[in-house]
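K.L.:
This is what each chain is made of:
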Amino acid sequence: MNEFTERQMKLTWRPPKASYDVVIVGAGGHGLATAYYLATRHGITNVAVFERGYIGSGNSGRNTTIIRANYGIPAAVRFYQRSVDLYRGLEEETDRWLMHQQKGILWMAHSEAAVRAERMRAKLNTEFGAETEFVGPRQVEELCPELDMSGGGRWPVLGASYHPQGATARHDRVVWALAEGAMERGAHVHQNTPVEGLILDGERVAGVRTAEGDIAAGAVVSAVGGHVSRLAAMAGLRLPIRTHRLQAFVTNHYRQQFGPIVASSELFFYASQTARGEMLLGAEIDPQPSFSYRSSHDFVQDVCRRALCLLPFMASLRVLRQWTGVCDMSPDYSPIMGRTGVDGFFITTGWGTWGFKAIPAGGEQMAELIASGETPELIAPFGLDRFARDRTMADRGSAGTH
Amino acid sequence: MTTLLVDGQPIEAHAGESLLLAMLRAGLHPTSGGCVCLGGDCPNCLVTVDGIAYTRSCQVKAEAGMRVTREHVGDEEPALLPDEGMSAGSAAPVRHVHCDTVVIGQGDSGREAEREAREAGLGVVTLDARDGQHVTGVYPGPLVVAADGGGRVLHVHPRREIVVATGAAEIQPVVPGSDLEGLVTARAAAELVAAGIDLGRAVVVGESPGELPSGSLAGHFPLGHGGWELVRFEGNGRVEAVVLRRHGDAGAAEERIECDTAILGLGRNPRNALARMASDLPVRVVGSAAAESELPPCPRDGTVCPCSGVTVADLDGVWERGFHEMELLKRATLAGTGTCQGGVCLPYLRSFLLERGGRLQPAFTARPLNRQLTVRELAAGAHTAVTARSPLHDEHLRLGARMDRAGGWWRPWTYGQQDDEYRSVRESVSLGDVSSLGKMAISGPDAEAFLERIVPTRVATIRPGRCRYVLMLDERAHLLDDGMLCRETEQSAGDRFFMTSTSGGSGFFELWLRDWAEAFGCDVRILNQTASLAAINVTGPQAARLLARAGARRLPAFGRHQHVRVASVDCRVVRLSFTGELSYELHHPAADARKLWRRLLEAGAGFGVQPHGLETLLRLRLEKGHIVIGQDTDYDSTPRRLAHEWAVNLNKGDFVGRRAILRTNKQPLDKRLVTLRTDDPPPPGTAEAPSAEGAAIHDGDRYAGYVTSDTGTTTGGATMLGWLYLDAEGRLPREVTVDGRPARRVDGPTYDPQGERARAAVDVASESPENVREFPVARLEASDLAAGAPAERPRLRRLEATRVSATPAALDALVERPPWPDTALAFRTAPDELLVTATPDFEVADDPHAIVERETAFSYVWLDGTTAERFLDRECEWRRPGARPALAQGEVAGLPAKLWFEDSRTLILTPAPYAAAFERRLTASLAEIDGDAA
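Residue numbers (the working numbering), protein chains in the order written: chain A, 1 to 402; chain B, 1 to 934.
Pulled out of the complex, with its shape left as it was, chain A reads as follows (with noise of 0.2 Å):
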């Protein structure tokens, strides 16, 4: 008997019709939850997600699962507090178990520099709605004494934001959760679907071209990771996105004893507890981009050298299974919502190593744009223009690991 298999979602597959009102390609996190909202907020089922694997096969089945909303601009700490209060209420609205904790993040300073950047960080989060506030060695010792705080004698912890409302839930559940909300609402999802071309009526993309046949669609989404250059591409679009690996790794499962999550964005990692017990760790993004989704050894080498020196607990622990996916990054650091220019042909990428903890906020405003042709204000400074416009969202604040 094993209490995390999933025993309460009901996937429901449909053949493909000719033609929707609305066709999302990629049935990550963001395209489900998109068809989640367009169904259960505007009441739009007549909406099909096509999906080239199986459901939550690219990045929302590889990320490790952190939501919190501690970013670097006024903007992006809207948005993603946004996020952090859906999820809060999701396992409620879905009535489905999404092993979601709230566990609170904390991101160490090991430097004077660090110290004033963490202290910056939570006044101007605090400011945005992101409840953040600076604690010293002491506190941060009280909120996480597996800590070593001498940091190995060579990365001492001078301070720490502490984001209370940092959480995680099981990334796979989200998506199924999410699959299963616009399913059971008669959204179609098909997953070994993939869309090989964009139909075009003149200027406006109107249906996608599948195996399965020529689909017809009011509105096409793109909600593709990793290779959604290509897509846009066929819709005559150059996206400004470069994809990167990212990778991870857990180890064996342990009893539940670690609190938070902990983060130092001085030695590049971060380290938390899953639900089911195993340490999972990351890193940054590889330097250069590509789409390979091979895990290399200097990777967990040299994050477990790099744990070690603030959590030297971890030195008997077996690492069990690493993995990476691959993060599509805007020159901004910040997503990209919206419309594109191109008639019937929305967008939502960008999503570098924060879209798991975007996909409620991501999927509900995406939805209300298509839904109402209008786009809502949480989103508007995220739109493509901005390149164009001169109104880039530059965000330290996600440019770090996670």
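No wet-lab data here; the hints were simulated from the structure.
Here a beta-carbon is modelled for each residue, glycine too, at the ideal position from N, C-alpha and C.
Treat the hints with caution; some may be incorrect.
Facing chain A, according to a computed beta carbon distance under 10 Å, are these residues of chain B, among others [as the list claims (entries may be wrong)]: (1) PRO82; (2) SER308; (3) ASP670; (4) TYR706; (5) ALA778.
To spell it out: a stretch of chain B is covered by chain A in this simulated footprint if at least three of its residues, at any positions, have a beta carbon under 8 Å from a beta carbon of chain A; those stretches are [unchecked claim]: (6) 333 to 342; (7) 370 to 380; (8) 690 to 696.
Starting from the structure of chain A, add chain B where the hints point.
P.N.:
Coordinates of chain B only, in the frame set by chain A:
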């Protein structure tokens, strides 16, 4: 016999046998039950050994004194997190092995592959789990990572091929009762019998293990067509009977055969995870690892995945609810995500999905780690990033400085009294260590044209002896870095420039310049002098007098630079100002830094000179409105947003970022970095207000931006920098609030707005001669490396040498007829760069633009050949050259190094800012090697 402890009770083990055998011999099952395979393929023998949980007891040798706990016996809870681990410094040792072919597995097919490779004259490394060599993964490189069975980690680097000869695992039973004790696979049974362990009365199901002791066989039941199928095991904790029925007849009567042990020959599943995770590497799979999996019958009941406790009912449940893909089945049940990574469940998941869905699905993705090493073992060979040290590091410590990491360097944060430091700059004179600035010498026929395309200011108008503040922009016109650009000589005399970057940008600076030089096809020489030159900023109203007392006979005017001998040290003195006071930046050879620093303190004693730290500097510059890259700027900071249009000249030719500026200038401005001033004292009852960095700025009720830098409010008020958004009418508000307190936007700096202090006229000659100190001139001597002998205790020493940047052809000609003494060593470190242990008193005949400079950026140590080899085996991942002598460059012990191999000794050079770390790593590594040898 050896004795070890299991759950606190001593048991005896035969020499060399596995922990599992010792436990079974003692009548102890390692877990609460389950079929034992002895092959490392299942989770049924996991124990905690010496604090390390999830250890396969069949794969470790029983050793005297081992402390074993059986975590899982009668306990559904997973293992506890350990209270403490080994100390942070204790990553496991690593050994790098280079070969042509690595063969993983030493069964028949593995030995055959090894023999073939050896006959073909190839260098072969073999790894075998029975020798404790557990391979965790096959990675790009190619790289094969394995434990070596002796507490060490192997990194095997095969040049040609990886042969996977890992054989096959035995299929485990999935029926009710498969979690009882007393179940063994056929191969395990044979091993147990050979080890003399009594199995009691045994029933064999499926393939036979071979000979069993006479009288012990209670029955043999072949499986499949014409034979039997397994229904369940019965027993209470331990198996008492096997229940079977005739194959293919669900209505057939069950047969119940009593036994003490059930021996299960249920078929083979290839151990091909390593091959699957390495699909596009040069991997060859041989023997039974290459075979197709034998699919067991679709499971009807029982536990499919013992690691995660997933039953057939669980599979049915998720199948019925629409989870039909292999990966979804795995993720929904968590089958296959435990220690054995699908070793037990994968064949059953496939047969389950085949029966339910009518389609044979491939195995789920194989990912490292194939065998779980500990974090300590995995960290083997890794070093955390090192923070560079200024040549004045020890001087700061001596003066009681608190050092802090900033921009990749250790910098003095404060020497104790921030206010005193501040006052000494503003009122008298102070020293600041700015050695961490990026420093680059640039020359060549295209030097001016090249720099015109790099920086947005006009370079042509910078005359020799002048310098100018410059921005570095990216193609989007976002500010990357800033610095100063000095022109040294005219085009006719080599057209030489000297350029600085910020400390944080110094690592990137050279790459940036070289990349563009390459992209533009410019004929330039570039020499990175960041580590070679130290820099001291002498700043304050008495700065010129201090320098005069230290023997400076002349000093440059504002915006100019000059070569001046100060305190008998040759310096490039640059006069600009970051602090707002009269300032001279003294760039000089790093080897002379300590001497110069001490002499300046001595010469300035009469002015009460004292050094200032970074904390003070950040306050000083803020009062002048100078930005700090990374603190006040972001990835979208254009010169216009930063109010730095004055540093951009759009009326010259193209430069990096120009097109973006022209494009974005057509868009209305949205925000601007502004200086804010509040004259209000801190709130009543407090000496100072907390820093407003990060605070929102409001224009009435409108959110209008946020603060990026704040001096902190004292009785004199506060100065801040912040991003301010234009209002709906496109205007910047004048009066705003910060944290509810009123603040005023000011134009220009709040301190000395006209810049009179920084630009003050000085007269060096007026310093009265009796105040001028005489300092002895040190004679420069190149390090005599030829005479260098390997030291007893390796100490790194600073190298005195010369570095040349010139065209490859000119360097070829130079080394053909070297102008330096025979005893000097010359290293060609790049096609256009030469490092030679001689004094810089020669010219490069074939290249008038060559840069020949004294080079003190490196530290060196000689090691004897054997010591060097052993050290490098451990700390150098790449393949070293075989020839002697030879130069090689790369990372050693996690730091950049140049290696010069002679027959019986090896020279190691590393950048001086990392020398202390290198010496520490070298010493620790050699101590471990000595320990190993002992």
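K.L.:
Against this structure, judge whether each hint is valid.
P.N.:
A quick look at each hint next to the structure:
With its C-beta approaching chain A no nearer than about 5 Å, PRO82 (chain B) sits inside the 10 Å limit, and its interface hint holds. Contact between SER308 (chain B) and chain A, as hinted, is supported at the beta carbon level, the nearest pair being about 5 Å apart and thus within 10 Å. With a cut of 10 Å, the hint placing ASP670 (chain B) at the interface with chain A holds, because the nearest CB-to-CB distance is about 6 Å. The beta carbon of TYR706 (chain B) is positioned within 10 Å of a beta carbon in chain A (closest approach about 6 Å), and the interface hint is therefore held.
At its closest, the beta carbon of ALA778 (chain B) sits 35 Å from a beta carbon of chain A; the interface hint therefore is violated under the 10 Å criterion. Given a C-beta distance limit of less than 8 Å, the hint that chain A covers the segment 333 to 342 of chain B holds, as 6 residues qualify and 3 suffice. For a cut-off of 8 Å, the count of residues in the segment 370 to 380 of chain B with a CB near a CB of chain A stands at 8, and the three-residue condition holds. Counting residues of the segment 690 to 696 of chain B whose beta-carbon sits less than 8 Å from any beta-carbon of chain A gives 6, enough to reach three: the coverage restraint holds.
Figure legend: structure checked against the earlier numbered hints; the only hint not met is number 5.
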